[in-house]
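*Asks:* Keeping their order, the protein sequence lines are chains A and B.
Under the working numbering, the first residue of the first sequence is numbered 2, with each subsequent residue one higher.
Under the working numbering, the first residue of the second sequence is numbered 49, with each subsequent residue one higher.
Hints listed in this document are in silico derivations from the structure and should not be mistaken for laboratory results.
Take these hints with a grain of salt, some might be off.
[Said to hold, decoys possible] Covered stretches of chain A (chain B as the covering partner; in silico rule of three or more C-beta atoms under 8 Å from a C-beta of chain B):
id, segment
1, 37-46
2, 105-111
[Claimed, not checked] Which chain B residues stay away from chain A? Per the calculated CB distances, all over 10 Å, these:
id, residue
3, Val52
4, Thr61
5, Lys72
6, Gly90
7, Leu91
8, Asn119
9, Phe122
10, Thr124
11, Asp134
12, Gln146
13, Gly151
14, Tyr152
15, Thr153
16, Ser156
17, Arg159
Yeah, the Cβ is synthetic: ideal placement off N, Cα and C, and Gly gets one too.
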Amino acid sequence: SQKIEQNSEALNIQEGKTATLTCNYTNYSPAYLQWYRQDPGRGPVFLLLIRENEKEKRKERLKVTFDTTLKQSLFHITASQPADSATYLCALTDSNYQLIWGAGTKLIIKP
Amino acid sequence: DAGVIQSPRHEVTEMGQEVTLRCKPISGHDYLFWYRQTMMRGLELLIYFNNNVPIDDSGMPEDRFSAKMPNASFSTLKIQPSEPRDSAVYFCASRQGQGSNYGYTFGSGTRLTVV
Numbered sequence: 002s003q004k005i006e007q008n009s010e011a012l013n014i015q016e017g018k019t020a021t022l023t024c025n026y027t028n029y030s031p032a033y034l035q036w037y038r039q040d041p042g043r044g045p046v047f048l049l050l051i052r053e054n055e056k057e058k059r060k061e062r063l064k065v066t067f068d069t070t071l072k073q074s075l076f077h078i079t080a081s082q083p084a085d086s087a088t089y090l091c092a093l094t095d096s097n098y099q100l101i102w103g104a105g106t107k108l109i110i111k112p
Numbered sequence: 049d050a051g052v053i054q055s056p057r058h059e060v061t062e063m064g065q066e067v068t069l070r071c072k073p074i075s076g077h078d079y080l081f082w083y084r085q086t087m088m089r090g091l092e093l094l095i096y097f098n099n100n101v102p103i104d105d106s107g108m109p110e111d112r113f114s115a116k117m118p119n120a121s122f123s124t125l126k127i128q129p130s131e132p133r134d135s136a137v138y139f140c141a142s143r144q145g146q147g148s149n150y151g152y153t154f155g156s157g158t159r160l161t162v163v
């Protein structure tokens, strides 16, 4: 069956360092992958989308990589700040362009 | 744009009662999705519409759940009768086009508690 895995344990990072979150998938060949941020009591907010033929995409302090051979996407936040603390979700598209969601990783940036 | 608007933000109801959740998508978005989120199961797609037409309702858990989209600016998700296991956060999301570069826009959700 199709499966998306994100680290279920919270990730604690010191302010100013780079945070790296991982999204692994199996039995799947997605056309593209998306990353969302979710704060408590709020809906997910779209951050970045990367297509299967793109290796890397950047947006300000955010960088996403997509390795279809490893079946893995990495999400990086450089110069992390306490305001970056949130849960980050990855989602893959299926053949109908609908999203299959990971469970999310909670990121905590310590001052 | 005010984004995707959901109401109510919180709903507490007794088991057996009817619950109606409402959603106003972003103007111009032709896809609308209803999701449910719980700690145990994460985000689950319940149903989605394209141009107001239901396309896939395979995620609707039971006949107690129904959804409508009478026009491009309004959708409802109804649970009748409600049960404690329906307690969750229900999100509405909208999207422009298929394969869009812009992802989904979610509302702030409705936290439903059935007692």
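*Asks:* If a hint holds in the structure, say so; if it doesn't, say that too.
*Replies:* Now the hints, each set against the structure:
For the segment 37-46 of chain A, the proposed coverage by chain B is satisfied: 6 residues have a C-beta within less than 8 Å of a C-beta in that chain, meeting the threshold of three. Figure legend: the segment 105-111 of chain A, annotated as covered by chain B; annotation inconsistent (1 residues with Cβ-Cβ distances under 8 Å, at least 3 required). Some Cβ of chain A comes within 10 Å of the Cβ of Val52/B; the nearest lies about 8 Å off, and the non-interface call is violated. The beta carbon of Thr61/B is kept farther than 10 Å from every beta carbon of chain A, the shortest such distance being approximately 19 Å.
Here Lys72/B stays apart from chain A, with its beta-carbon at least about 14 Å from theirs, past the 10 Å limit. At roughly 5 Å, the least C-beta separation between Gly90/B and chain A is not larger than 10 Å, which violates its mark as non-interface. A cut-off of 10 Å between C-beta atoms contradicts the statement that Leu91/B is not in contact with chain A; the least separation is 4 Å. For Asn119/B, the condition that its CB be more than 10 Å from all CB atoms of chain A holds, with the nearest at approximately 22 Å.
Here Phe122/B stays apart from chain A, with its beta-carbon at least about 18 Å from theirs, past the 10 Å limit. At roughly 18 Å from the closest C-beta of chain A, the C-beta of Thr124/B stays outside 10 Å, upholding its exclusion from the interface. With a least CB separation of 19 Å from chain A, Asp134/B remains clear of the 10 Å interface cut-off, as annotated. Not every CB of chain A lies more than 10 Å from the CB of Gln146/B, the least distance being 5 Å, so the non-interface label is violated.
With a minimum CB-CB distance of about 3 Å to chain A, Gly151/B fails to clear the 10 Å threshold, and the non-interface call is violated. The Cβ of Tyr152/B sits about 6 Å from the closest Cβ of chain A, inside the 10 Å cut-off, so the non-interface label is violated. Against the 10 Å criterion, Thr153/B falls within the reach of chain A, whose nearest CB is about 7 Å from its own CB. Under the 10 Å C-beta cut-off, the non-interface status given to Ser156/B relative to chain A is violated; the minimum distance is some 6 Å.
At roughly 8 Å from the closest C-beta of chain A, the C-beta of Arg159/B falls inside 10 Å, breaking its exclusion from the interface.
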